[in-house]
Amino acid sequence: MAVLQRIGILAHNTLRAAARQRLFHLIILLAFALVLGARWFREFNFGAPELKFLADCGLGAMGFFGAALAITATGQLFFHELETRTAQTILAKPVRRSEFILGKLLGVGGLLLGFCVALALLLIAVLWSRESELMQQLPEAFENGRQVNYAGVLLAGALQWLKLIVLASLTLLVASFAQSQLFSVLAGFAILAIGHLQHLAHDAYRRSASAAVRLLGGAVVSAFPRFDIFGVADGLDAGLPAGSDIARVVAYGLGYAGIACALAIFSFGRREI
Amino acid sequence: MALNPSARAPDRCAVEMRGIVKDFFVGLRGSRVRALDHLDLRVAAGQIFGLLGPNGSGKSTAIRVLLGLIQPTRGEARLFGLPGTDIHARRAVGYLPESPRFHEYLSGRELVRFHGRLCGLQRASLHARVEAVLAWVGLGEAADRRVEAYSRGMLQRLGLAQALVHDPMLLVLDEPTAGVDPAGAADMMALIRRLKAEGRTILLTSHLLGQVEEICDRVGILDRGRLLLEGSLQELVGDADHRWLNLGSLSAVELDELHSWLVARGHPAATLSAGPARLDRIYLNRVAGNPP
Numbered sequence: 001m002a003v004l005q006r007i008g009i010l011a012h013n014t015l016r017a018a019a020r021q022r023l024f025h026l027i028i029l030l031a032f033a034l035v036l037g038a039r040w041f042r043e044f045n046f047g048a049p050e051l052k053f054l055a056d057c058g059l060g061a062m063g064f065f066g067a068a069l070a071i072t073a074t075g076q077l078f079f080h081e082l083e084t085r086t087a088q089t090i091l092a093k094p095v096r097r098s099e100f101i102l103g104k105l106l107g108v109g110g111l112l113l114g115f116c117v118a119l120a121l122l123l124i125a126v127l128w129s130r131e132s133e134l135m136q137q138l139p140e141a142f143e144n145g146r147q148v149n150y151a152g153v154l155l156a157g158a159l160q161w162l163k164l165i166v167l168a169s170l171t172l173l174v175a176s177f178a179q180s181q182l183f184s185v186l187a188g189f190a191i192l193a194i195g196h197l198q199h200l201a202h203d204a205y206r207r208s209a210s211a212a213v214r215l216l217g218g219a220v221v222s223a224f225p226r227f228d229i230f231g232v233a234d235g236l237d238a239g240l241p242a243g244s245d246i247a248r249v250v251a252y253g254l255g256y257a258g259i260a261c262a263l264a265i266f267s268f269g270r271r272e273i
Numbered sequence: 001m002a003l004n005p006s007a008r009a010p011d012r013c014a015v016e017m018r019g020i021v022k023d024f025f026v027g028l029r030g031s032r033v034r035a036l037d038h039l040d041l042r043v044a045a046g047q048i049f050g051l052l053g054p055n056g057s058g059k060s061t062a063i064r065v066l067l068g069l070i071q072p073t074r075g076e077a078r079l080f081g082l083p084g085t086d087i088h089a090r091r092a093v094g095y096l097p098e099s100p101r102f103h104e105y106l107s108g109r110e111l112v113r114f115h116g117r118l119c120g121l122q123r124a125s126l127h128a129r130v131e132a133v134l135a136w137v138g139l140g141e142a143a144d145r146r147v148e149a150y151s152r153g154m155l156q157r158l159g160l161a162q163a164l165v166h167d168p169m170l171l172v173l174d175e176p177t178a179g180v181d182p183a184g185a186a187d188m189m190a191l192i193r194r195l196k197a198e199g200r201t202i203l204l205t206s207h208l209l210g211q212v213e214e215i216c217d218r219v220g221i222l223d224r225g226r227l228l229l230e231g232s233l234q235e236l237v238g239d240a241d242h243r244w245l246n247l248g249s250l251s252a253v254e255l256d257e258l259h260s261w262l263v264a265r266g267h268p269a270a271t272l273s274a275g276p277a278r279l280d281r282i283y284l285n286r287v288a289g290n291p292p
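Listed in order, the protein sequences are those of chains A and B.
Letter 138 of the first sequence, counting from 1, is numbered 138 in this note's numbering, and no numbers are missing.
Letter 215 of the second sequence, counting from 1, is numbered 215 in this note's numbering, and no numbers are missing.
Looking at chain A on its own, in the form it has when it is part of the complex (with noise of 0.2 Å):
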């Protein structure tokens, strides 16, 4: 019990870190001012593409500005921690420095949950006005009623929100043992990209003749996670994806964030602080 409070404190405090840094609140203001104003970018009047363009545009910000989010949040907030020697004073306390990880990352991870649910809720509110206006326009292309599956859009704002956790675990991973914010922030990008990558890499390993290149394509597969995965509802399908779908993702994206996760422990149990 007394280590979920200690936990829970640290989390919150990394959280309150977190809501007052200058650069964050400019990432999310940029992310909600790019969902709110996507419907002004053209002169759409065609009914549901427009749709479909509001949502990739809200979900495309949430997944990009995110991932800088999740990245930039990760490594300040570890790092300046480790620069102030703040984190000197708490370790010196009874806290364990497993529970300083999981403290940053959960408070790190609630910064990324308020960004997710808040920017959700918005283009659920633009796709919702849009698809009623539409409607009132264009009543023939909507005789079917409405097109904007919005469970659809919460379940693919919840995905965004692990695949965040799972980048967040794999930045704090390397935090865990770099020497300077800028190297994992750039390693975090890193990841990012090669994460969103990864099918590439994936069809061309398992078509190579050569063992060698499977073998390490494979280990590349293996090592980093696959974000394309994580997109799995766009919020315009006419169902949700199969449960089993998103057990298997969820499980996925909780498996990589719980590894990543321990083997930022060991690493940060070893460092000198």
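Keep in mind that the hints were calculated from the coordinates and are not lab data.
Note that the coordinates shown come from a computational prediction; the quantities given were computed from them, not determined experimentally.
Check before you lean on any hint, since a few could be wrong.
[Stated by the list, open to error] Below, a sample of chain A positions facing chain B; criterion: calculated Cβ distance under 8 Å: (1) T86; (2) L91; (3) I273.
[Claimed, not checked] Output of the computed footprint for chain A on chain B, the stretches with three or more beta carbons under 8 Å from beta carbons of chain A: (4) 61-69; (5) 88-99; (6) 108-118.
Backbone N, C-alpha and C fix where the C-beta goes; we use that ideal spot for every residue, glycine too.
With chain A's structure known, arrange chain B on it following the hints.
Just chain B now, with coordinates in the frame of chain A:
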């Protein structure tokens, strides 16, 4: 396994460091720098122990090893009989780091509450304890100000408040007056004297030898990671190499006669000269005489 913070038995060993070696590896080639060289140190409960040494002598490294912040290359550090890495041992310790910085977005009160909660203080006792330590260090009126607005002296006092919030048996103070103006340093020393009067065990490092001499029961002099000298102040100033003669009652003429008498017997002219405080002289002699 848990310690009882109210038990301040004087015969217990609060700090025990045995054969501590700490090597750092620096640069691309990984050159070894020995920061602590077979350090043995023992601080009994209820004692005020002053660890002295020039910059880079290993004082802060010794403290970080003691608190489990870094692992020694060899040797063992214990707090009240438990390894410093054990969180039960750290429950009994309050730590004020050198030139402390705290979470600047918090107010003084929020910061002390944060540290109190980390130490397991429950809400019922937390509020009273936080207010008590803030008032004790003289920050009661500034408690709602953000830490970023605190002066250096106030930061030191806030550091002491967070170190004391859980009523620890042992206080580890790393250069508690470093970088503080004379008035702030005097305030801090007054607080440490009050802690001494309460019977707490204190391990402190300092450059201000006069102040250490004033409050410490025992002193250790560290240089290049080696403990050159360790003992009570009485033992140190009574060192066979350092006898002291009080010449305060002699007139200037008598002092001149004594000086001539010494020179005539082949003693160096500087043998009889006004000098700094006694501990200063011992410190300078030992550090200057420590071979690299």
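Exercise for the section: Could you check the structure against the hints above and give me the numbers of any it violates, in ascending order? Expected result: none
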